[in-house]
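Here are the chains, one letter per residue:
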Amino acid sequence: MSSRLTQRFEACAREGRAALVTFVTAGDPDHDTSLALLKALPAAGSDVIEFGVPFTDPMADGPAIQAAGLRALKNGQTLVKTLAMVRAFRETDTTTPVVLMGYYNPVYIYGVERFLVDAKAAGVDGLVVVDLPPEEDNELCLPALAAGLAFIRLATPTTDDKRLPAVLKNTAGFVYYVSIAGITGAGSADAGAVAQAVTRIKAHTPLPVAVGFGVKTPAQAAAIAANADGVVVGSALIDALRGTLDAEEKATPATIPAVTRLVSALAEAVRTARPAAAE
Amino acid sequence: MNAPNSFRTGPDESGHFGMFGGRFVAETLMPLILDLEKAYQDAKADPAYKAEMDAGLKHYVGRPSPLYFAERLTEHLRAGAGEGLGAKIYFKREELNHTGSHKVNNVLGQILLARRMGKPRIIAETGAGQHGVATATLCARYGLKCVVYMGALDVSRQAPNVFRMKMLGAEVVPVQAGAKTLKDAMNEALRDWVTNVHDTFYCIGTVAGPHPYPAMVRDFQSIIGHETRAQMLEQEGRLPDSLIACIGGGSNAMGLFHPFLDDPHVKIWGVEAAGHGIPSGQHAASLTGGRPGVLHGNRTYLLMDDDGQIAEAHSISAGLDYPGIGPEHSWLHDTGRANYISATDEEALAAFQLVSRLEGIIPALEPAHALAKVIDLAPTLPKDHLMVVNLSGRGDKDIPQVADILGTRI
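As you go down the protein sequences, you meet chains E and H in turn.
Going by our numbering, the residue at position 237 of the first sequence is 637; the numbering climbs one at a time, nothing skipped.
Going by our numbering, the residue at position 269 of the second sequence is 272; the numbering climbs one at a time, nothing skipped.
Just chain E, with the same shape it has in the complex:
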């Protein structure tokens, strides 16, 4: 199951490098720009795409991703449209994994069963739902696994060894290690502490471990990629996108290139992170 995710992480491992996981918000700043950006990410060097589902109240997100979600919602983005964008992406790309990331309420209101059928059909590979801890596995995690979608769990600095097995129990695809106690786009984690945490998690699971929250620059990505199986970058890409918008927050010709340029720099960084694996 979740073969695209597994295959992609395995392929990166064979190349002796971490996977680059890129987060962008669906519909930011508008539907057409966002779809074009989604299609441009793999060629720029993104190995796995996290596609953010906008929500009015993103409690775990910092200002950059909050604002991205609100831009998308203001321009009429819905979960229905987000799934349609993934379907459109799959017409030309059948290998890059796409993970939807967001909060539970839009999925709950869409209807869990209907959502899982539609997401699977659209070509979604996995789900990251921030406000569903293992204690609420019956809501979406177990039905998603049954439907053949990976439910990717967040492990955090507050997840101790006692709790870790419960967090890993029903997770699939990869484990998303949140490198700081905090919101997205906040301060950066210490690479040494992250490496220790990755080692600790890998002692409990054979799944790849990707690290996110607070990874902004190619240098930081390289430091994390030295030990982790994947590096997640989100807020920095959103910041690059926002920096190109006009006064009315509309996309400009600079929008997509600004994001893909940073993605390419990050892709280069994860490829040079482990000297022993250099080509």
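Derived from the structure by calculation, the hints contain no laboratory data.
In this text the structure is predicted, and so the values were computed from the model without any measurement.
Cβ atoms here follow ideal geometry from the backbone N, Cα and C, with glycine treated the same way.
A short list of chain H residues far from chain E (calculated; beta carbon distances all over 12 Å):
#1 Asn8
#2 Ala54
#3 Phe166
#4 Lys169
#5 Gln234
#6 Glu349
Short, incomplete list of chain H residues facing chain E, as computed with Cβ under 8 Å:
#7 Ser17
#8 Gly25
#9 Ala29
#10 Leu35
#11 Ala180
#12 Leu193
#13 Thr198
#14 Val200
#15 Asp310
#16 Gly311
#17 Gln312
#18 Ile313
Go by the hints and put chain H onto chain E.
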């Protein structure tokens, strides 16, 4: 839905009241709320904690609060009622508590718990500012650092309370996100908590949020109903026939209702804020105009659109201006044990003025919503019907806003 044997045993171990409640939080917070649950269970079983609570409630808060027969309001409403009609109205005087509302009952419990847990930094969200003031007050009393998140709109419409919090040594952070009201303040408080996991205690002001908050806050507020029971037995020799309270998140209402839930002859009304009227779409009546969804750690009735995006609430009252409601209220609604109705801005404003003139008590705009429905209901009920309204807060904080609405310069 079948009626349970008791309405007072919830929530279950996983924090559910029927389908409502739960623990919908980010993994970072999950260990913290498990710690909190354990600390609260331990405290409940510790006589020293109970003794500290009892002493604080008596000597610092000023409990018990009186149960007062509102004679002139009763007579006024009887004058317009039919023969033999016009319920006898009592006020539960929570506005006389230290800090001017019921909020302090809960804050005292949580601050004593934070001290037991060794957490030196307290964060809170506030709407009208009553919970913020109560939290700032207890933090001053116990020498704890206090940060209060408040929507920027509420900061401007509740200026007296903002100044009070600052006088008490709290930092007030205006939240610019969303509609700049209570919902946005709660988002920001959660973001603070997820960032400051080691030293910070989140003091939630209402019967909402992830388990154990809805049950814990209810327990702390239930002193309102327990006192009312004893006081009514003493004054009238029997239990009241009905209870009525306003609802934003629903803590003052739950505190009054809970001890009476298993007395089936006691009728219960919760009053939501209808804002400009339910048909206008500009209101804060989650049960009347919303549907079940997940926000702020729990499943409950919420105002939202068809995509599951949370809607902005509207109410004249900053304390009721929230698109959700405590999960236990959602359950009491679905089981039919309590009746939920609503009052508009205009009705609340009229009740605010009427009660000020008739009883010499200026109520807060929040309980003015409950009083507005007392004005509707009491004349339809017999004279021997004993009705208790929770006067959950005093109106001093609302004077500048009401003066502005009435076109008076002060």
